[in-house]
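Visitor: Build out the structure end to end from the sequences listed, making use of the hints.
Number of protein chains: 6
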Amino acid sequence: MTRYEPADSFETPRFSGVRTFMRLPNTQDLENADAAVVGAPFDTGATFRAGARFGPEGIRSMSHLLRRYNPSQEIGIFDHLSVIDYGDVPVVPGYIEASYESIQKGLEPIHRAGVVPIVLGGDHSIALPELRAAAAVHGPLALVQFDSHPDTWDAYFGQKHTHGTPFRRAVEEGLLRPERSIQVGMRGSIYDERDWDDARAMGFDLVPTDAVRKIGIEEIISRIRERVDDAKVYVSFDVDFVDPAFAPGTGTPEIGGFTSREAQEFVRGLAELNIVGCDVVEVYPAYDPAQVTALLAANIAHEFLSLIAIQKAGG
Amino acid sequence: MTRYEPADSFETPRFSGVRTFMRLPNTQDLENADAAVVGAPFDTGATFRAGARFGPEGIRSMSHLLRRYNPSQEIGIFDHLSVIDYGDVPVVPGYIEASYESIQKGLEPIHRAGVVPIVLGGDHSIALPELRAAAAVHGPLALVQFDSHPDTWDAYFGQKHTHGTPFRRAVEEGLLRPERSIQVGMRGSIYDERDWDDARAMGFDLVPTDAVRKIGIEEIISRIRERVDDAKVYVSFDVDFVDPAFAPGTGTPEIGGFTSREAQEFVRGLAELNIVGCDVVEVYPAYDPAQVTALLAANIAHEFLSLIAIQKAGG
Amino acid sequence: MTRYEPADSFETPRFSGVRTFMRLPNTQDLENADAAVVGAPFDTGATFRAGARFGPEGIRSMSHLLRRYNPSQEIGIFDHLSVIDYGDVPVVPGYIEASYESIQKGLEPIHRAGVVPIVLGGDHSIALPELRAAAAVHGPLALVQFDSHPDTWDAYFGQKHTHGTPFRRAVEEGLLRPERSIQVGMRGSIYDERDWDDARAMGFDLVPTDAVRKIGIEEIISRIRERVDDAKVYVSFDVDFVDPAFAPGTGTPEIGGFTSREAQEFVRGLAELNIVGCDVVEVYPAYDPAQVTALLAANIAHEFLSLIAIQKAGG
Amino acid sequence: MTRYEPADSFETPRFSGVRTFMRLPNTQDLENADAAVVGAPFDTGATFRAGARFGPEGIRSMSHLLRRYNPSQEIGIFDHLSVIDYGDVPVVPGYIEASYESIQKGLEPIHRAGVVPIVLGGDHSIALPELRAAAAVHGPLALVQFDSHPDTWDAYFGQKHTHGTPFRRAVEEGLLRPERSIQVGMRGSIYDERDWDDARAMGFDLVPTDAVRKIGIEEIISRIRERVDDAKVYVSFDVDFVDPAFAPGTGTPEIGGFTSREAQEFVRGLAELNIVGCDVVEVYPAYDPAQVTALLAANIAHEFLSLIAIQKAGG
Amino acid sequence: MTRYEPADSFETPRFSGVRTFMRLPNTQDLENADAAVVGAPFDTGATFRAGARFGPEGIRSMSHLLRRYNPSQEIGIFDHLSVIDYGDVPVVPGYIEASYESIQKGLEPIHRAGVVPIVLGGDHSIALPELRAAAAVHGPLALVQFDSHPDTWDAYFGQKHTHGTPFRRAVEEGLLRPERSIQVGMRGSIYDERDWDDARAMGFDLVPTDAVRKIGIEEIISRIRERVDDAKVYVSFDVDFVDPAFAPGTGTPEIGGFTSREAQEFVRGLAELNIVGCDVVEVYPAYDPAQVTALLAANIAHEFLSLIAIQKAGG
Amino acid sequence: MTRYEPADSFETPRFSGVRTFMRLPNTQDLENADAAVVGAPFDTGATFRAGARFGPEGIRSMSHLLRRYNPSQEIGIFDHLSVIDYGDVPVVPGYIEASYESIQKGLEPIHRAGVVPIVLGGDHSIALPELRAAAAVHGPLALVQFDSHPDTWDAYFGQKHTHGTPFRRAVEEGLLRPERSIQVGMRGSIYDERDWDDARAMGFDLVPTDAVRKIGIEEIISRIRERVDDAKVYVSFDVDFVDPAFAPGTGTPEIGGFTSREAQEFVRGLAELNIVGCDVVEVYPAYDPAQVTALLAANIAHEFLSLIAIQKAGG
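Protein chains in written order, with numbering that gives the first Met the number 0: chain A, 0 to 314; chain B, 0 to 314; chain C, 0 to 314; chain D, 0 to 314; chain E, 0 to 314; chain F, 0 to 314.
Hints are computed from structural coordinates only; laboratory data are not their basis. The beta carbon of each residue, even a glycine, is placed where N, CA and C say it ideally should be. Fair warning: there could be bad hints in the mix.
[Stated by the list, open to error] In silico contact screen, one side only, chain F against chain A (beta carbon under 10 Å); selected entries:
{"no.": "1", "residue": "75"}
{"no.": "2", "residue": "152"}
{"no.": "3", "residue": "154"}
{"no.": "4", "residue": "190"}
{"no.": "5", "residue": "207"}
{"no.": "6", "residue": "244"}
{"no.": "7", "residue": "248"}
{"no.": "8", "residue": "253"}
{"no.": "9", "residue": "254"}
{"no.": "10", "residue": "287"}
{"no.": "11", "residue": "292"}
Guide: Have a look at this one:
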């Protein structure tokens, strides 16, 4: 059996070679993979800045800094996992519904093959086809969403699909189990005082940044773990969860956010959950002059791989 | 009668005040205007880079450098014209057909009022609703297009509307008089050797950059003037007509282009044509770190105003 | 009675339209306004970097991300306030005393109309004419200053007016009530060990960052509230109060500063004080490539509006 | 037989997928290739700016804008050629002699397979191992060098290998036929009036920019063609040949250079020469904020492919 | 006698050492110098962008690329000249008249010592104290000004001193011999059709860019030489003379300008004029992300040194 | 006796003059100095990004913001110390062993003169010649290293010298006393779980960021002080110790790092240790668009000067 792992950075320098995630092989051989990093370069759903279509390129570029072993989790990722860079799913820029179909169709075979996708966005509107693909295989899912916005608005400009609406649509379509789902990090100004209550009314546990600050991160991690329990879970990480100091290159930044270390703590706290898919979204390289946002996103994807390796190691 | 003109830069500095085009009043009072600068912050049609939605902001910002008198044309613009900054027409990001309707609906009243719109893009897909609005009032139009691409492809990803297709659609919809229309500046690699012939088959006179270099700019200007003759004409200026050295902040740059001075020469050569509308499109501020592209576009709009002033003065 | 509020971002996208603060109407109709956002694009007082003249443009641009409701303060700003973008007060670049007169003359009518100005700087030297205008109407004022420098130096290069001297001048001119005033956040290297003691000798309570770290933010907020008590107060926020990671685009950055969230906590702690004016200054867009500084400043202005709304709601 | 060509940009957008040159397959299957694009991410030879190691990444990124047909040469590249992205040859950052060995070893098999390499630099020091590899297979070669410096200095800091010395070394090693070689574009200040005469003394025909301006580009192209005649020729294009307006992102820019169009004319003028290898070097993405340098380099590589296609078509 | 020349770039790399112009000694030893490079980091006179105070730093930084020999002029600068980096003259930011005094006082001793100053700006307002210093020693001077604006406006905002007024003031003060003076390159929009005629009425020969294009550069050079004849001449080079593609980092850029090569041609055409001082001004590093403007300015200063060396060699 | 101190920023503005560290005299007069700031513009050892050769320039530029008195340490640096900017030690770009010799030879005389060097890097590979120079004079040294990587790998690409290997080499060469040495801040992914244990096996006390977070900064400072005790100590500060939000412009950034304030706390905690040399390394200006990394590094150097002043004051 073939096992896929990164090129050896003691042999060839990390700045060399075609940019795949972590210098992994670019292949669609799902049979020999445990996890697949997949780009979804779609940004037609964005309501303020544009350019998340270059997110996968930016993340792959900075992922070359990543190494095999995660000392905080004490796990050698590639001792447990065969991982591939699957390339990008096809998208249709300017056409959100056609893209939704194409993204879903691109991701479903990965789930069917028992491979865990780590999707690199793209704006957050891609969460809907991601969940459609995952739910088609795994049934309704728990959701852990790290984000400064719940993305449960009903419509913008009279249109149902933007990066502000995917999770409302997902609930409407029965893709999620809201009672097992949790949204963490909401903050910033909102349109209406009901904005967050709407998400709660859909069944989500919505935890604003203010609440995290009052209650403490460890406590919130426990709350996430209890909420999700043993459900199959999708983890969605919008980089605007962290403060713009740590992630300037995003579409709708909100000040007053988390540090990169706090973000790591949250994600590391998901160890042993039953993760069937995950994403890191809303990276806009044109607004990321020193590439710190792309580096953060690459690291979050690396933490996801670590979680999957822990699952595998423990399984 | 109210006359609209820029704030006096000897009274208050050009870097002050809310950013309207050339520090003109931001009003929709069409009755007292001869020309209206209008933003169309739409970029859902873009096939490579994204972010032309910030084009109008970028152009308005740099337009504060512009002054009232055009010495190359020997015309004091505001001695002849009352000009307003009309604001932006509404768009629906992510939805190209809804935006087309909205842009057309936004522009039609301007034409009906006998006011000449100078549209600030936005990606070049907005040319279609611009032409729909103009043709609804003025009937089929001649087109003078400065561009490195003809934008007459049939479809991308199976979709009829992108910034690569508006002029084919416009011909199909009978909005243009191809026999009075001319496209200047095509260059760069193309998908197929028939790409340009297709435009010619639709009736356009397509003049590649190579041909301009061989024939000379003055000669081409004469050819434009003869072609258009006394027809009502729409002038569309894609900033990728000039070389990326002069306009880096654009969506699909092509090297080997014209200088900013050559661009001015071309536009100045249109004096006394019967212009009913014009645009300058494809400015992407996120790729324009020193704002030279926005400055170029602002100057092109200034040349358009000069042309309209000359028409008015001569009328 | 006319009420002024932002354009509806579900109707037209936030990236559209002429850039006013929060997409508010640009008008000088003080009769129908409770608060007025005013630019003061002046930077002749700067002693290191230059370019705060583009601060108001930068802040207005990013303010389009802001929404109507502040969930941390549980206040719907425009349920209580009518707010306008007043435009910029005239300045005379290169001439500090002429500008001081012009700025003062521009701001006084706002105070006289009972409207609370939120001034967007400009370098911090504008605080002097701001205070002159405010004190001319309201009498001597308490000051709450968030800043890494006290700006109470006597002179630079033998000149009395720079962005390092306004608060000494204000005390000398009797515009302030130092015994009700407090300066928070001083840090970084200083010219002389007496620099801060000088401010104290003028009567200010000067609280260095080191002291805040020792004592705690909540405690300092109480100290501010006790100090100001029921005095009429002017709040001045220099973005170098926060760390350069969160606000790189400023004139004299000092490392070791506060986070954006801590800045929000401080400002939110001023609820129910009797605020008659406020500013956010020292934004330099040319040093703010990812616009995070402008976004922070826009948010601080939004917090100011929230405070004024709370006053109004409670009044 | 497998034929390699770019992905279809009407099927999937050009901004998608792992970044290979022109969206070509990343493979080392030399048997089925006519030309191979190869990165040499080496910059240890640079004497001023650093960072050409990211040149191949930058060029590949912008090459996604390129299309299959070159209308100026009237050639459909992939109608005649099967082309691969070979990846990068291994380099040893910080160790110039070890890297030279590794680069040579990486390139030789390409030549032996009868495949023409188009090398993406890297600083210009890589020309030496390129020529070693080429000459090992083809014997001593003619050289056509477009550059603002002859790169024939003897030593810097007492060291024989930098990006200022490769062509002197190549002559010393007998890799070149100086009497069939020509260097075009030299300009800018030099260390000593003998600098250029040294190159001439080695046998090169050195044509300064001043001479090109006096004589004319067409004439110089004829001179190149006569000089090279039917010799096997290596073409080396340093992007500092063009003016920094057109290629700011380079290591030792010299003002007063050629335009991008003039560069195209020169390269197009090489049609039907017997090219056995070529490179485009000295792209420094960290100094290329709007990516125009990378775009220029990608286009030059595209012109090289066109030349090879013409050879093949005519062969 | 001590002779000052640059550090040897074959001994230590050009990127090393404290940044002086061309790696020259930083000294004020006028006795042993023929020419002195002097910074005037003053930008209080700027009417649009700000930040020319960092111009000398930016130019010095890129000047490290320059070498000793100018092949276009066939002159080894330091074979004929001893040159120093004199440091910066003191300025008083925010106070234009105090700065004028200080700049004049700083420059006069250089002229008195028979040393030719090459002043690095700073905004163009510094030309007035430069000319005061020069005329105090040499009497009224001829002026050769390369610029897109004549800078002969009367006043801005009621103030006599800005970067738009120095040459009118200079004429009023009798510092210039207008009948021996010439201004080349004017273009762009102007406030009033009389703007340029005013300069002519003061006695200047004002040559717009349009005229240069019509007449030809060589012809204009002859016109300059005839105009100046054997008068003592001051040469002032505003980088906005060239197009923003070649010099984006300037205060009031105007499109349609000259190339860097054309700028070199003009300056080289001044050989053997009797130059007593010169400057290169309006470099704004914050708007010069790839440093091409600073590089251009450094090269212009290098051409000035070449002219002085030619004078000396021929003397 | 001459005493060297910064230029007076109340006399001439901080943005003026040739860029030396803190506007100190640029001299090599060791006799009259207590401390010397020295650049080591070497980056041939870097394994990912390139460009630390411009680190000293960048740090010097931003150091102009620094003032004489450190209020957190209550020390007036120049009341106790005479400090010089020594310039840069010669390096040989592209040749690591030749550079090591040259750097060592450049630094040794400083140590011999009893002057404490504060070295501005350069990549971290320069630590080896720094330690060779220091140990040659002072014997084996304690090391306090702030860094996210231990830099104790054995080899990259079969080569012994890179910025990932200096401290292993230093131990092998007997330059360090590992039992008195401590490495603080390690984090991020590693190649192998043994990476950190290797450093411990060499005798270092390696304290990961995770451990600091668990134990607390104050506690770790005590641990450092106990470990070093009264040994002669070298302090090495890699800016990647702090988070990329605070120091984006570095070679191998790792998220999850310390804040700038925490970095200050650590360095301030070293007061009264017996420091014989120190450095701040890995500043890459090309990746530092808002100069915050350079500012941070300049401040760390300022803290080092404060420590040396405290030593001197207490001695």
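Visitor: Look at each hint and say if it fits the structure.
Guide: Hints and how they fare:
Restraint check, residue 75(F) versus chain A: the minimum CB separation of about 32 Å is more than 10 Å; hint violated. This hint holds: residue 152(F) has a C-beta 8 Å from the nearest C-beta of chain A, less than the 10 Å allowed. Residue-level restraint check for residue 154(F) holds (minimum Cβ-Cβ distance to chain A is 7 Å; threshold 10 Å). Annotation: residue 190(F) was flagged as interfacial toward chain A, and the flag holds, the nearest CB pair being 5 Å apart, inside 10 Å.
Among the interface hints, the one on residue 207(F) holds; its C-beta lies about 7 Å from the nearest C-beta in chain A, closer than the 10 Å criterion. Hint status for residue 244(F): holds, given a least beta-carbon distance of 4 Å to chain A, under 10 Å. Taken as an interface hint, residue 248(F) checks out: its beta carbon lies about 6 Å from the nearest beta carbon of chain A, inside 10 Å. Nearest Cβ of chain A to the Cβ of residue 253(F): about 8 Å, under the 10 Å cut. The hint holds.
At a threshold of 10 Å, the smallest CB-CB gap from residue 254(F) to chain A is about 4 Å, leaving the interface hint in force. The interface hint given for residue 287(F) holds, since its Cβ lies 7 Å from the closest Cβ of chain A, which is under the 10 Å cut-off. The criterion of a C-beta within 10 Å of any C-beta in chain A is met by residue 292(F), whose closest approach is roughly 9 Å, and the hint holds.
Hint 1 alone, counting from the list given before, is not met by this structure.
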